Structures are given as C-alpha cells and as structure tokens.
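S.K.: So the sequences go chain by chain: U and V.
According to my numbering, the first sequence is numbered sequentially starting from 1342.
According to my numbering, the second sequence is numbered sequentially starting from 773.
A few of these clues could be false.
Derived CB-CB ranges, DEER-like [claimed, not checked]:
hint, chain 1, residue 1, chain 2, residue 2, range
1, U, Gly1500, V, Ser841, 51 to 61 Å
2, U, Ile1559, V, Ala921, 52 to 62 Å
3, U, Asp1551, V, Tyr803, 25 to 35 Å
4, V, Ser1018, U, Asn1401, 27 to 37 Å
5, V, Ser841, U, Val1426, 46 to 56 Å
6, V, Met926, U, Lys1461, 55 to 65 Å
When the alpha-carbon atoms are kept at most 20 Å apart in a straight line, the in silico PhoX-like pairs for lysine-lysine are as follows [what the hints assert, rightly or not]:
hint, chain 1, residue 1, chain 2, residue 2
7, V, Lys890, U, Lys1368
8, U, Lys1368, V, Lys982
9, U, Lys1461, U, Lys1538
10, U, Lys1368, U, Lys1457
11, V, Lys963, U, Lys1368
Honestly, the hints are just simulated from the structure, not real lab data.
The structure presented is a predicted model; accordingly, all values stated were derived computationally and were not measured.
Glycine included, each C-beta is placed from N, C-alpha and C at the ideal position.
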Amino acid sequence: MADIAARNPAVIAGGQRSGLHKLMQRKSTIAFLMALPLILLIAILVAYPAGYAVYLATLNKGMTRFVGFGNFEFLFGRDTFWLVVYQSCLFAITAVIFKAIIGFVVAHFVHNIPSKGQRKWRGMLLVPWVIPPAMSTLAWLWLFDPSYSALNWILAHFGIGNIPWTGEAGWARFSVILVNVWIGSPFFMIMYLAALKSVPEQLYEAASIDGATWWQRIWYVTLPMMRNIIAITALFSLIVTFANFDIVRVLTAGGPLNSTHIFGTWAFRVGIEGGDIPLGAAVSLFMVPILAVAATFILRDITKRGSEV
Amino acid sequence: MANASIATGAPTRPRYGSMSRDRRWALRWSYFFLVLFAIFFLMPPIYMLITSLKTSAEISAATNPWWISNPTLQNYIDLLTQNQFLVFFRNSAIVSICVVVLTMSISVIAAFALARMKFWGSATLATGVFLTYLIPETLLFIPLFKMFAWVNEMFGIQLMNHWWTMIILYPTLTVPFATWIMIGYFASIPKELDEAALIDGATWMQTLTKIFIPVALPGIIAATIFTFTVAWAQFLYPLAFTTSTSELVLPVGIVTTLIKGDVFNWGQIMTGALLGAAPPLIIYAFLMDYYIAGLTAGATKG
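Input sequences plus hints: build the corresponding full structure.
M.R.: This is how it looks when you write it as structure tokens:
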C-alpha cells in the first residue's frame, strides 16, 4: 500500500468519497479489470459448460424431458460401459507406470554421460513429445498396418510371426498403451532429469564412502530426493492419459468390438456420432471422480511447496 | 571420485582404479541403452520420412519397408499442389497464430494482476486457473456442442462448422496454463523492482510493459511456444465441430480426408503427417532451451 500512497496520496485520501473516477484508480479495481478477460473466458467456456454437462446428463435423448438418473441407470446396465471403465483405468495406470519407469531410466542414462553431450541426447529424446499426437499416431498406425507392418517385418527376422497389432483385443490394448508410453515418457524424462540435477552431489559422495551400491544410492538417495517431482508428474500424466482422445481415436477408433474405447472416445461415439448428447455427457462425467482425486493431490502438493518457500 | 580416494586415504588406491573402470563401463552401458531408446523414440518419425519418399508401387511391393530404392518427392509435390491441403495448412496457421496472440495478451495481463496486484478473491482465482487447467477437453466438448446449437437459435450466429470457431475454443486449453506459467515467472521477480518503479511514478501498466515483460521474457517465450504447440496439435475440438473439408485444420484434415474408407494412400498420409508435424518441430529445434525451461517450470501436462 505504501507504494500507492507515495505515488498518489489523493487516492487514499479520496477513497471514501468513491466517485467512479476514484474507483477506477484503485489498485484492486485495476487488477480486477486486468483479470476480467480471464475470468470471463473461464466462466463462459469452462465453468459453465462443466456445470451444463451435469444438467444435460439428466435429460432424455431428445433433450425434451428430465429423466433424473435415467441415463446413469441405463449406463450401469450396459456391458460396454463397464468395459470402457475397465479399459480407461487399465490404460491410464499401466501407461503411467511404464512412462515413469522409462522416463526414470532414460533420465539416469542421460545424467550419466558427460554434460556436453547431454543437450544433444535430451533434444533427440524429446521429439515424440513435440510432434502432434494425432500425427505421430498415424505413423504408428502405419507401423502396425495389418499387411505391410514394418514392425512385423523386423520381428520376422527374430522368428516372431505376424502380430495383429490393432486387429485383436489384447494386442490392440497393448498397442494403445505402447503409443501412450512412447508419447508420454519423454516428458517424464525431462522432469526427472531436472530433478536429478538438483540432488546435491555430496549426498552421493557420502553414500559411496559409506559403501553404498548403485542400487542403494538410487533407493536411499535419489528416490527420496525426487519424491515430490515423481508424484506430481505421475498425477499430471494420469489426468492426461485418463482423459486421452487422440491416440485411441486415430489408432483403433475404439475397435475391435469396443475393446479399446475409453471415456473420451466413447463419449464422442455416443454423443456426437450417435446423436445422443445427454448420454455422451453422462459418459464423460464419469471422468470427474478420478480427475478430482488427482487434482486434489496435485493442489495439496503445490500449496505445500508454496508454503515452504 | 577423486575426492573419495583422497578422503579414504592410501589403502584405497587400487580401488580408485577399479572405480574408474566401473565408471567407464557405466558410461558404455549408458550410451548403449541411450542408442536403444533413441531408436525407439525416433522410429515413427523416421519411418514417416522413409514412407513419404516412396512411390505407391514401392510401398505396396513386399520389399524391405525400411529401405527406399527409388526416392521420389512426388508425394510432397502432389500434396503441396493440392488446393485442399493448402487450405488445411492456412486454417491451422491462422487459428494457431490468433490463438497465440489472444492467449498471451489475456494471460500475461491477468497473471500480472494475480501475481502482483492482490485483490479480493485473487488467491482463489489463481487456484481456479490451475483447476481449469486440469479440466480436459474430453469433458467439455459435448456441452459446448449443445451451447453452440443454442447460440445459433438465440442469436442466429452459426458457430458450428467454421474454422474460426477454433479461435474461440482453443483458449480454453491454452489460457489457463499460460497464465499459470506466467504467475510462476512473475512471482519470481523481486518485489523491490516494481516497488521502485511505482515510487518513481510509473502506472501499473507501465510497470508491466517496461519491467515485468522484459524481465520475464524467457517465460513469455516458453508460454508462447507451448500455446502454439497445443493449438497446432488440437484434434478433438475440430473433429467434433467442423465437417466440411474447407473448414478443417491440418491434423483433422489429414486424418479424415486422406484416409478414405479402406483406401489408404500411405505415401501421402505420411507426407501430410510429416508436414503437419514440421512447424512445432522446427520451432522446437531452434528454441529447445526455452521449450525445456517452460516444461519444467510450470508443471505441464504430458
């Protein structure tokens, strides 16, 4: 406040007689006006639609009649819905675990090599994350092609027969997870590499003097020091993988026989392509509980970090 | 390593040698695995490039898929002389540039207000911005679809099936995270700097443009790159809201128009995909350090 008083004492003195002109000069008013576009954008295009989705989910297909929990009851009675729940959780959890492991391992290797070469490797390994997912998934679709699969061509040299990458339920799920891991692990790598660099070198020296093996150094020094960043990266990735759309849509479009549909793609199929907007809204709302849990943990972590500083 | 040997004294001399040999082996293994991972990570883009340089006849012949016997630029020529593809590219470019300008002007100003000029509810709003950033587009596209129909009924403005609608939609994805990154950058600027400016009689806007924006320029560049990448790559909104070929943006255009039923012209699809991936890749190649700084600064989605 002192700064304002020093700049323009009249503002404080005349504050009580709040003319419009005076009001416009107050710091909080200016600040509010500066944030107004942001507030409007969030209110109209994010908060309102999110609430509207709840209302939509309680209508019948023609959106003429209120049916309460009718759509949800209908979903609970359908096998496809439970398949989608299972697949969404399976994809998100498996993919995040593998992203985290691969990211951690690659970050270690990059950290190991002399620092002048690190930039080059880091740059190369981040490429999957930079390419638009829809575009790189197309490349995977072509690598997985049933008749011209270049991956199967390589595997044939190792004596492995034709793999139906996107043709059979089990393999299709594997392929979706593989592409997810391919796109996501560079992000983990970058985050972990930044965290690794922040671990003080003395801790490792002390550990090796005490005779710690490389495994013990990772388990007792690296992991505890990186716990925070590992948690927050995994939670972020969980949200994104759970709410994913591009990869499944381009790679399998939910097939074969719905065995790769996740909430996002199934909501699109039911709501936009099937024309049943309320049911689609109901499907997408099932993402909220998991997102809310992840968001709570992230938020707690961030406020904790904020109060430490 | 040298420290360790000095600290533990003479008896460990022989061990010092073995440790440095271990270190050499660790280095070799690191390079070995890095090469393996680099192959895994770069395989799809490289295969895109290989396929894009082949003729259709060569693609459908049962030869080594990783080798090009007759390199040709025909796919690039076909695609770049095709009016449709250029329309996709133009739509994507205009949308992305407008979204970047819109996002950065909204979020830099708002982030400044939230980080420096505390007002009633500003802390709640900052948390709200972060929460919005966690709301995925897969949750919003259905209610937005219905809202657009309503806007058409009420005001007679048809938002559906126009590429410029994306300029309104994409900021819902880009503004929250750009604001979040900028709040972080602005918060790290010492308070004395803006206090000094205010005492010297600068207005809030002058403080922002003369001090905060120059000082936080690396952050602004990082946020700009991210906004562009997100806007360029967005797939769900254009897929849901546009259908006519003249209104499509690049990613959706390539996926929906180049794949027609069972006929896959893979040479052209891969060329299109590579051209679609090119702008973010080029920006990344030149501004990698900003990109990585932004990635690790505001914990970003990935």
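S.K.: Okay, V/Met926 versus U/Lys1461 on CB: inside 55 to 65 Å?
M.R.: At roughly 56 Å between Cβ atoms, U/Lys1461 and V/Met926 fall inside 55 to 65 Å, so the hint holds.
S.K.: Range first: 46 to 56 Å. Now tell me if the beta carbons of V/Ser841 and U/Val1426 are that far apart.
M.R.: 49 Å, holds
S.K.: Are the Cα positions of V/Lys890 and U/Lys1368 separated by 20 Å at most?
M.R.: 8 Å, holds
S.K.: Between U/Gly1500 and V/Ser841, is the Cβ distance one that fits in 51 to 61 Å?
M.R.: 26 Å, violated
S.K.: For a C-alpha distance cap of 20 Å, please report whether U/Lys1368 and V/Lys982 respect it.
M.R.: Holds, because 18 Å separates the two Cα atoms, which is no more than 20 Å.
S.K.: Between U/Asp1551 and V/Tyr803, is the Cβ distance one that fits in 25 to 35 Å?
M.R.: 29 Å, holds
S.K.: Does the Cβ distance between U/Ile1559 and V/Ala921 fall inside 52 to 62 Å?
M.R.: 55 Å, holds
S.K.: Given the proposed pairing of U/Lys1461 with U/Lys1538, does the C-alpha separation stay at or below 20 Å?
M.R.: Holds, because 17 Å separates the two Cα atoms, which is no more than 20 Å.
S.K.: Between the alpha carbons of V/Lys963 and U/Lys1368, is the straight-line distance 20 Å or under?
M.R.: Holds. V/Lys963 to U/Lys1368 sits at ~16 Å (cutoff 20 Å).
S.K.: Has the hinted range 27 to 37 Å been met by the Cβ atoms of V/Ser1018 and U/Asn1401?
M.R.: About 35 Å separates the Cβ atoms of V/Ser1018 and U/Asn1401, which means 27 to 37 Å holds.
S.K.: Mind checking the alpha carbons of U/Lys1368 and U/Lys1457 for me, to see if they're no more than 20 Å apart?
M.R.: Answer violated: U/Lys1368 to U/Lys1457 is near 48 Å, above 20 Å.
In summary, the numbered hints that this structure violates are 1 and 10.
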